[in-house]
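Heads up: the sequence lines are chains A and B, in that order. Anchor point for the first sequence: position 77 equals 77 in our numbering, and the numbering is continuous, going up by one each time. Anchor point for the second sequence: position 316 equals 316 in our numbering, and the numbering is continuous, going up by one each time.
It should be emphasised that the hints constitute simulated quantities derived from the structure, not laboratory data. Hints are not guaranteed to be accurate.
[What the hints assert, rightly or not] Not everything, but these chain A residues come out facing chain B in the computed CB check (under 10 Å):
#1 2
#2 5
#3 140
#4 181
#5 555
#6 556
[What the hints assert, rightly or not] One-sided and incomplete, this derived list gives chain B residues near chain A with beta-carbon spacing under 8 Å:
#7 67
#8 108
#9 137
#10 165
#11 182
#12 190
#13 220
#14 230
#15 233
#16 522
#17 525
#18 553
#19 573
#20 577
#21 581
It should be emphasised that the depicted structure is a prediction, and the values quoted were computed from it without experimental measurement. From the three backbone atoms N, C-alpha and C, an ideal C-beta is built for every residue, glycine too.
2 protein chains.
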Amino acid sequence: MRTHYCGSIDESLIDQTITLCGWVDRRRDHGGVIFLDMRDREGIVQVVFDPDTEEHFERADRVRPEYVLKITGRVRARSPETVNPAMATGAIEVLGKSLEILNEAVTPPFQLDAHTSVGEDVRLKYRYMDLRRPEMQSNLIARSKITYGVRAFLEGEGFLDIETPILTRATPEGARDYLVPSRTHPGEFFALPQSPQLFKQLLMVAGFDRYYQIARCFRDEDLRADRQPEFTQIDIETSFLEERDVMDITERMVKSLFQDHLGVTLPDFPHMSWHEAMDRYGSDKPDLRIDLELVSISDLMQEVDFKVFSGPAKDPEGRVAALCVPGGATLSRKDIDGYTKFVSIYGARGLAWVKVNDRAAGVSGLQSPILKFMPDAVVEQLLERLGAADGDIIFFGADKARVVNEALGALRIKVAEDLGRVSDDWKPLWVVDFPMFENDADGDLTPLHHPFTAPACDVETLKADPANALSRAYDMVLNGSEIGGGSIRIHDQVMQQAVFDLLGIGPEEAEEKFGFLLSALQYGAPPHGGLAFGLDRLITLMVGGHSIRDVIAFPKTQSAHCVMTDAPGEVSPAQLKELNIRLRGSDKKPADDSNA
Amino acid sequence: MRTHYCGSIDESLIDQTITLCGWVDRRRDHGGVIFLDMRDREGIVQVVFDPDTEEHFERADRVRPEYVLKITGRVRARSPETVNPAMATGAIEVLGKSLEILNEAVTPPFQLDAHTSVGEDVRLKYRYMDLRRPEMQSNLIARSKITYGVRAFLEGEGFLDIETPILTRATPEGARDYLVPSRTHPGEFFALPQSPQLFKQLLMVAGFDRYYQIARCFRDEDLRADRQPEFTQIDIETSFLEERDVMDITERMVKSLFQDHLGVTLPDFPHMSWHEAMDRYGSDKPDLRIDLELVSISDLMQEVDFKVFSGPAKDPEGRVAALCVPGGATLSRKDIDGYTKFVSIYGARGLAWVKVNDRAAGVSGLQSPILKFMPDAVVEQLLERLGAADGDIIFFGADKARVVNEALGALRIKVAEDLGRVSDDWKPLWVVDFPMFENDADGDLTPLHHPFTAPACDVETLKADPANALSRAYDMVLNGSEIGGGSIRIHDQVMQQAVFDLLGIGPEEAEEKFGFLLSALQYGAPPHGGLAFGLDRLITLMVGGHSIRDVIAFPKTQSAHCVMTDAPGEVSPAQLKELNIRLRGSDKKPADDSNA
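Next comes chain A alone, as it looks inside the complex (with noise of 0.2 Å):
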């Protein structure tokens, strides 16, 4: 029906005849004469209609925001006092010969261009409007184009894409299930896949060797701060390569996207090790755009005279740590108090701080509660390692490590953003040398990443010493956003039954829920591993979104619901009763469908 898209016209077609088809985006009467911005997925152009256009003319004036129209007409330059330059399109216009009305449009529920005025449930309500902002339009396409670019690169690397089961078994990721009941098998029940990795692994004991999949995953969990039922991850498996040959084909994959879409070189990816980012940065993930570093003080605190301090420092558990941030002695004693409050949701008990409001006189120079308990030498030692200088503020963490490294770590990256010193740049970053367990809340091991990660060592060296044992896993950072994480996996059985061993996993519960994995890596299993991505992330990165809601047609809200469509929904008891179900009691409860 079309001759051009609205965004596509430009002074290259001047007095050529074009036929655009889209919606009405604004419509104005001036002097006489009618505008119409007509709007496509490509962008917006103003179309003007003469009262001579007779007919034409008079639909034209009839017609409201969100009509669809096909549009005939003549493109040409507007005169130098109409130009817009903050417009694509804004050096010309079409002169309107023909209109069509295709489609009318009741009144829209929320203007597009005052989208923030309502709030998200109606957005979401009337999804199918809000994605006609340009900013949606312009994050789904991006979204395709990436992940296109995606299928690209690994195609060119000899990948294959092959699909998975959605309907599968319960997956070991730990997270709850989403469970589908089967008819045909009463009261068995398949699993919703948290993520293709038995299946990636199988692939690779079949023999595909270097396997993709855009995968859809499931975690029927309570949604944290922008997470989403069901996502969507960039899943890749290799065999008989190391994690060197991973991580430098998934880096270059990175960069070429980088490149292609956003036209920026990203360095190349700096390694640090687990340990490192946590004593430095207090996290796994660490935000390299911003300059603080946590530094350890521990040995200066063994001996002062306060116990908040010389506790944690004397404990092998603990850690006494300082944040120096430059600039910071300007904030208020509220400020402090926020940030207090701030660091207590980690479990800090407390923040203790010191201005530097003169370094060159010494003790004097500096303001803080704590400084009295503590010698001048100390003080002094403090000053030096830190760098500190005028006007400067050191906020302190001390407590078991952990409590130290989680409230320190985000302390970094708040300050950071209020004093704006996150810098523009990408940073991002390869994190290795994982450990292979963590304790839980009981003692108990449990795998940092999952049970199917091999260990950096054999299988006598591990089961010596499990705690201080590292994994072949390695996570991508950008930004201090974990995009991308994985692994060497296990091939070999004997390795695979001693990681089960250390995790309390038996041989029966074994063979019940990865029986089918054990028994594959006996008939000939190649060393294998890979990565996951987390698709609707990264993509939320490369284009500047707030959520990943931003670059999701059809989202849920928190409480898994979507808003547009009414799911989930009541079925009818026939339907229960061919799935051999039946609802527990009558308990049913208005559930909460506000977004974070």
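Given chain A, put chain B in place with the hints provided.
Just chain B now, with coordinates in the frame of chain A:
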């Protein structure tokens, strides 16, 4: 770890040292040396180990089928008498220098090259072994390449890849939904989509103009031959295009796939009306590789003294048709009895026939149990119309038109297969001009496609004579399989309500089921339409597979069971409690896991 794939070694590499990783396909001793056929996804190559490689020779002596090896060696030409022209790498071999066993393998559950000696259930249980067969490797590699070809084509045509939800509301295709209990909305359920139909229409309302998705779809049906509970669709939707545009784009897409992946240049696809297809082939997906046609003879049979024919010939809903099969006079009485039983599956109450032994001898040259009922002049007209020749057999159908079409349509294919009359060509076509509605068993109108299909007439004409209204639907048929189907959709709310009314869907039910779509049609819906291809079926046809299970990595059995992972499975009472459901009684029955 490797320098080359096994299957990529050729004479250009002679005298080079290479490293391979892969599986032992075969191992044999001969003349004091050891021959290993090494296999990976690209093929097989022969490796020879001499005793002078010492520990490597000893290891080679120890390996068994399906061991995983890393081998380094030198490529050399085979001596002329040992060249194997049946093998892609048969002109060369690798003289092994070193061998590393990467993993061992216990005795496989079946030999890969003798996979037909075990049942499909065994192969599905050890699917990771079955997938190692070169045929399955090649099928899934082809699937990956063809799927990427689809994407590349559609990207080039300006289509956007947009993901739609898997956890959604019941969709309108009419098959049984898979349901997912909601934990956060007690008593409510998500449905897995039978197709993204409504979401893709909403994406058009949202202005994305050209959408595609390789989409997973779900139907909880009693699986007829060669269906799967989850299957994959190439889903396409466009705005501002007419039927011919959608058909043009998708025809070019399929042509490009055949050109690029099979080297086959498909002809332009002929268009055939639904009525013509039913008349000539008794099917809405005619297999044009077969040159046999149904010929209507109702007019000839009005007055014959044979009620079996004259009754349907006079019935406005009846049909009398003949199928003339060249060379069929050789069929035995037993063959014909078999066909009589075959057509009874489709409701035919018998199968009349005439053998043409000597056309020149007139009626006396014919052999048939029914000739006695017909005047010679009618028989002569019949032979004339059918162009019957010596050696032909003519089969007859006389009943309600639907029964005749189904029975003779199926017989046409069955006889052609038995007599080797199916050509080796690719025979695509478009079937168009479908009726809007058909009558269900109760005589009520049901949509031939789905209730969003646009009629080819205006609202008044549709209401006046719905039974004769045609739709704007189109099906792509290839070699007797419907590989794609689509239509222009209704974009007008009044028309949509009229169709719902005709289907007996009242305003309340329409609002309850499709309220969000009806609402969207109010806010400026563009004219739109699309098409969906069954990807599994298309790939199966292209690779010459017997079943869609040949092109799906991890398929399920006919009872929707995954033999490998043993999904579905039992879940804990705690999980059910969280989901607010309980099992109905203890009427759990063992399920049948056999395959078709």
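Need the list of violated hint numbers for this structure, in ascending order.
15 and 19
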